[in-house]
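Q: Read off the chains here:
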Amino acid sequence: MSTQSENRPPGRKETGSLGSAISAATRRIRSEVGLAAFLGMLMLVATLIQPRFIDPANLRDILTQAAPLLIVTMGQAFVILVRGLDLSVASLMATVAVLATAFNAQSDIMIVPIFAAAIAFSATVGLINGLLVTKRRVSPFLATLAMMILLQGLRFSYTQGAPAGTLPPGFRWLGTGDFAGVPVNLMAAALLAVVLWIALHKGVFGRRVFIVGGNPRAAELVGIKADRTIVACYVICSVMAGIGGLFLVGYVGTVDNWVGRGYELDSIVAAVMGGVVLSGGRGSIAGALLGALILVTIFNIIIIVGLPVQGQFVVKGAVIIGAAAIYANLANRNSSTP
Amino acid sequence: MKPDSALVRLRDVLRGIGVSRLVLAFMLVLALVAGMLVNEHFASWRNFANILEQSAGFAFVSIGQTLAILTGGIDLSVGAVMSACAVFLAAGIDGRDALVWPITVAALALGALIGIVNGLLVTRLRVHPLIVTLGTAAIIEGLILLYTLKPTGSVPIWFEDFAWARPAGIPVAAMVMAAIFAAVALFLAFTGLGRSIYAVGDNSEAASLRGIPVNQVLVFVYGASGFFAALAGVYFVSRTGVGDPRIGVPFTLASITPVIIGGTVLSGGKGGVIGTLFGVLLLALIGNVLNHMNVPTSIQWVVQGLIILAAVSFHARGARK
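For the record, the sequence lines run as chains E and A.
Per our numbering, the very first residue in the first sequence carries number 32; after that it's consecutive.
Per our numbering, the very first residue in the second sequence carries number 131; after that it's consecutive.
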C-alpha cells in the first residue's frame, strides 16, 4: 500500500525533518497527556460505579496483570514504528514457556539459563521474521502469520499435547511476588521500559527507527541501512515477547500450549490505542505503556462491576475502533488513504 | 508510478495470474503424486469427493477474503461472522421445517449487513480495515458468547444435504462451489464493478480521479465478504447440524492463506478468485495426503507455515518492483 509520504519528493528533507521532529515531539507529548487523562477519567468513573476498584489490592492486581502485556506491547511498538506488525508474539510466548519447562528445573538458580535460552531463541525468531520482511520482501502480516503457525506446530510436536516439565518455584515469585513492596514483574517491565525508552527516544538507533518508519526511501537516501534497523526492531519485539512470556507463565502459574493466547491482538490494540500509528513512523514508549494500561484497566473494570467476561470482547472491539478513528481524524490533515 | 492504461494493467494481471498458476499447478501435481504413492485409496473418486466437501466452507470464506484483499484491504471479521451466522441459523430454525428458508436468507443477509457496516466504518472513519474488522470481530464474538457458550439449535435432517448429498456421485457442495467461483470470476473479469475492484486495489486515488466511486466499491466488497462468510457459516451448520459459537475462529487467519498462495497480493490490485480456488484445493489435498500418512496435526502446522512462506516469498519477488 503506498502512502503519500513515499511519493513525496525527497529533495528538501533536511529542513523538513527538523520542523517535523519538533511538531512530532509536541504532538507526542500532547497525545500522552491526553492518554493519561483518559486513564485517569476511566479510573474515576470506575471508582464511582464500584468503589472497590480503587482498593490498593485491586490496583495491584491491575498492575501485575498488566506487566506482561506492557512488555509485549513495547516490543510490538518497535515493529509497528517501522511499518510492520508481529502476529507471532503470542505463539512465541507459549513456545518460550514450553522451552522453559524443557529444562525441568527444580532449583531457582536455573532461572538464569532459562532466561538466557528464551532470549536467544526469541532473538532467532525475530531475526528470521526480520529477514523475511526485509530480504525476502514478505509482508510483515504474512511472515509473522507463518511464523505463528510454524512455532505452534513445533511446540505441539514437542509437547505431544500437554507440556510435562516443571518450572523452578521462583517463577511464581517473578510473576506474582513483591520486592520491597513493588510487584516484581512490574519492576521488570519498568526496567525494560527505561532501556527501550533510551533506545527509542535518546539515541541514534531510535532516530533511525523513526526515519525508516516515516519514510524508508528517504532513510536510504540519507545513508541509513533501513533493512538493518527493521531487522533490529523485529528482534527487539520477539525478545520482549519471550521475556513477557516467561513473566506471564510466572503469573499464570501453569504452562500449557496456549500461554499468551490473544496477546498478539491485545498488544497491537494497546499500541494503536497508545498512539503508535499503524502506517509507521509515529509513536512512543510512553504511549505504548499507557495504551496497555488502559486496556488492562478496561478489562478489570468489566470484571469488577460484575459484567460477564465475554463483555470484554465487545468493549475491546469498540475501544479499538474508536481509538483508531480518533487518531485517524487527528492525522487526517496530512494523509488521506483509508 | 507509470501512467496506468487499461492494457498495461490487464497485462500485469494476466502475468501475475500466469506465474502463480504455474507454481500452483506444479504443487498440486506434486501433492497428487505424493498422495498416490502414499495410499492406494487416495486416487479414488470417493476420496476426492470427501476433499471437496471438506474444503467447501473454507472455499466460501476465502472468496470473500479474496475480494477484500484485492482492494488492498483485509477482512479479519470473517471468522466471527461465520460463527454469528451459524448460531443465528441453527438457533433460529431450531428444528422447524417451515423456518429453514426464511432463516437461511436472513442469516446470509445478516452476514452481508455486518460486512456493509465494516465497509462503512472503513470508508467513513478512514481507519485501516485491519483495525476496523479486528474491532468488529471482537464485538461480534463477545455478543455471540454472551448469547451462548456451547453449540446450540438444530436443523431438519434434509438441511444437511447441502453438505452431504451426492446426486450422481457429485457432492452438492462441489457444485455450489464451482458455480460460485465461476460466477465471481466472471463478475471480476467482465463487469464494471468487478474491474473497479482491481482499480481501487491498484491505486485508490487514481481510481477516484477516474471517477470510480471508491467508497461504494469498498462497502460492496466488505458486504460481499460478509455474505460469503455467512454462507460458510450456513455450510458448517449443514455439516454439523448445530450452531457452534466458535466454528469460525480458525478461519479468520486461515482464509488468508489460500488467497495468498493463489497469487493475490496483500497490497491489492493483483490476483483473482480462481487462484484462491486452487489455493484451497492445494491446502485440502496436502492436508488429506498428510492425514493418509498419519502425520500429526502439529507437523501439518509446520508444513502449512512453510508453504505460506514458500508461496509468499516467491510471489513477492515478482510483485514488488
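In short, the hints are calculated from the structure, not lab data.
Computed from a predicted model, the values in this text were never measured in an experiment.
There could be a bad hint or two in this list.
What the hints assert, rightly or not - Listed next, the stretches of chain E that the computed footprint assigns to chain A, with coverage defined by at least 3 CB atoms under 8 Å from CB atoms of chain A:
#	stretch
1	211 to 221
2	274 to 280
3	295 to 303
4	322 to 331
5	353 to 360
Backbone N, C-alpha and C define an ideal beta-carbon position, used for all residues, glycine too.
Q: Hints the structure violates: just list their numbers, smallest first.
A: The structure breaks hints 1, 2, 4; every other hint is satisfied.
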